[in-house]
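Enquirer: Based on these hints, arrange chain B on the given structure of chain A.
Heads up: the sequence lines are chains A and B, in that order. Numbering follows this note's numbering, with no gaps: position 307 of the first sequence is 307. Numbering follows this note's numbering, with no gaps: position 200 of the second sequence is 200.
No wet-lab data here; the hints were simulated from the structure. All values derive from a computational prediction rather than experimental measurement. All C-beta atoms, glycine included, are put in the ideal place defined by N, C-alpha and C. Careful: at least some of the hints might be erroneous.
Some chain A residues flagged as far from chain B (calculated, every beta-carbon gap over 12 Å) [stated by the list, open to error]: (1) 26; (2) 28; (3) 51; (4) 86; (5) 99; (6) 108; (7) 109; (8) 135; (9) 179; (10) 276; (11) 318.
Derived coverage of chain A by chain B (criterion: at least 3 residues anywhere in the stretch with Cβ under 8 Å from a Cβ of chain B; other residues may be distant) [to be verified]: (12) 111–121; (13) 237–250; (14) 302–313; (15) 336–344; (16) 361–375.
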Amino acid sequence: MDMTTDPLAKRPTYYEELRSKGYTRRDFMKFCTMITAYMGLQQSGIAQVADALKSTPRIPVIWLHFQECTCCSESFIRTSHPITADILLDKISLDYTETLMAASGHQAEEAMQKTMKDHYGEYVLCVEGSVPTFGDGEYCCIGGKSAVQILQETAKGAKAIIAWGSCACNGCVQAAKPNPTHATPIHKLVKGVPIVKVPGCPPIGEVMAGTLVHIIAFGRLPELDGIGRPKAFYSKRIHDSCYRRPFYDAGMFVETFDDENAKKGYCLYKVGCKGPSTYNACGIMKWNNGVSYPIQSGHGCFGCTEEQYWDNGPIYERIPNLAGFGIESTADKVGMVALGVTAAGIAAHAVATNLRKGKSVDTLIKEGKEAEKEL
Amino acid sequence: MRTLTHPHLLRRVFVWELPVRVYHWINAACILVLVATGFIISDPPAILSGKEAYQNYWFGTTRFLHFTASYLFLFNFIFRLYWGFVGNKYANWHNFIPSNRKFWSDIMNVLKTDIFMTQREPETTVGHNRLAGLTYLLTFFAFGLQCLTGFGLYAAMSDWWLPNLFGWVAPLVGGDFMLRQIHHWIMWFFILFTIIHVYLVFYHDYVEGRGELSSMAGGWKFVEEEVFDEADKAHEKK
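In isolation and in its complexed conformation, chain A is listed as follows (with noise of 0.2 Å):
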């Protein structure tokens, strides 16, 4: 047995975990290889983190869900590599969530209470969902508490908050307008722990992967873009990363699903491909264990990690839509009717101009017509 652990800490590092399951040496360190090459750091990375792997006892994980569908959960346990799931989703690994844990009623808030009891300030707490505010939080409420009273709860003894998938991260389809519950992210709610934001619906499982192992492995979170999300994964636009983007740059665009166009593969921009505004490494991760991604799939993106995408205008057009102005509304629609408007007043007030001061012009004309004759 490995005696990098530290005598102090009883609980098992992951290395220790991982070979107590039946993992060789091999099977971590290409585990390592893998999720260093994720997390988009350089091949000494591999080293480093290993050695945190190896040393660190493992970080008790508390994983929330409140108004989501589950998707990151099952996004999560398909990463590529088996030892992800087993390292953070094994119920000893994980003290906490509704979806995988063995224990349930009483037993499963115990095993909850006690996490954040024993570890106190040190356990990570994932955040799946977003949560309603509207009247005292019933909207959503596990084992007799609101969503709202649990987060508060876990969230003051967490070192850092994971808010995973859109939900948690900008309220997704559920805070689409009406947004009848009041669904609320995580940032919104919490306030002094510090929040790393992974959205997309649902994020890339190896995102998800490389997010957490990058904060167990470093004891620190990621290095995070203006809106709070792992810059190693979001600083780059869909588009820019996109197969398709050749032909987007040469203006050879789909019309419609079933045109030429389409089986040639050409840009998905005109059918509402919201690549060019949406932050995610769908292009080079891919999904599925990188077997595709939507683009290649022949349907455009439709920015699920952008905030309020479900309300950002139709998703097969890239027209627009003016808030408050209807449904059918778009900015160029509007822009017309002031055009119409403002060229009916200059013709109005042309005539007027010659109706009321048609005597000063004629006074004018009449002076110039004079010079004319002088000279």
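Expert: Just chain B now, with coordinates in the frame of chain A:
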């Protein structure tokens, strides 16, 4: 009400200095290019072509024109702000900011005389009238907003520090998609402004006969002798 002598005696006044005129036409050309390419970028035309993608680059070129024009527009705009402090009195920033009650009453006067035409007053302002001054203040806000939103969108595509200065704009409004929409809405202000602006230049030239239209070419306006007399009287009072 003041009456003007017949025939009009006009004196030539150098209103728009060369830098102001150069600014004006660069600005006009930029807006024209930016609006045209902007429309194409937001909704590109369907062009059927048998060529391979590597043989075409027209959409990339359109975007290149848009970005080039936007840099020119930004620097030109910054120059104009600077000129508001060093230029002549018709270019000075005081023309654009309502700072006293007279400014507002002058605006009402312009509205009555030129827009609703409920009163007949001969034109006495030489540079921008007060309503125009306030409108140009609005355009400056629109210029600023359009630069913020535009370069905010561009920041992610560039490694240069200048566009990266605008990296905070997208998070502020919730992402590129919303930013793109705002950028698109503001464009309509430019279109409507341009149309009204061009019309009113023709209007003033037509009803006043002081060379409004050509003033942005040579810099000259032709001002009645009476306006000078009044200015003299005002000076004496002081």
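Enquirer: Compare the structure with each hint and give your call.
Expert: Checked hints:
1. 26: Since the minimum Cβ distance to chain B is about 40 Å, residue 26 of chain A lies beyond 12 Å and the statement holds.
2. 28: 37 Å, holds
3. 51: At about 33 Å from chain B, residue 51 of chain A clears the 12 Å cut-off, so the statement holds.
4. 86: Non-interface label stands for residue 86 of chain A: nearest chain B Cβ at 35 Å, farther than 12 Å.
5. 99: 29 Å, holds
6. 108: The claim stands: residue 108 of chain A keeps its Cβ more than 12 Å from every Cβ of chain B (closest is about 36 Å).
7. 109: 36 Å, holds
8. 135: 26 Å, holds
9. 179: Residue 179 of chain A clear of chain B: closest Cβ-Cβ about 15 Å, beyond 12 Å.
10. 276: 7 Å, violated
11. 318: 7 Å, violated
12. 111–121: Our answer is that it is violated, as 0 residues pass the Cβ test (under 8 Å) against chain B, missing three.
13. 237–250: holds (count 7)
14. 302–313: holds (count 7)
15. 336–344: holds (count 4)
16. 361–375: holds (count 7)
Violated hints for the displayed structure, listed by number in ascending order: 10, 11 and 12.
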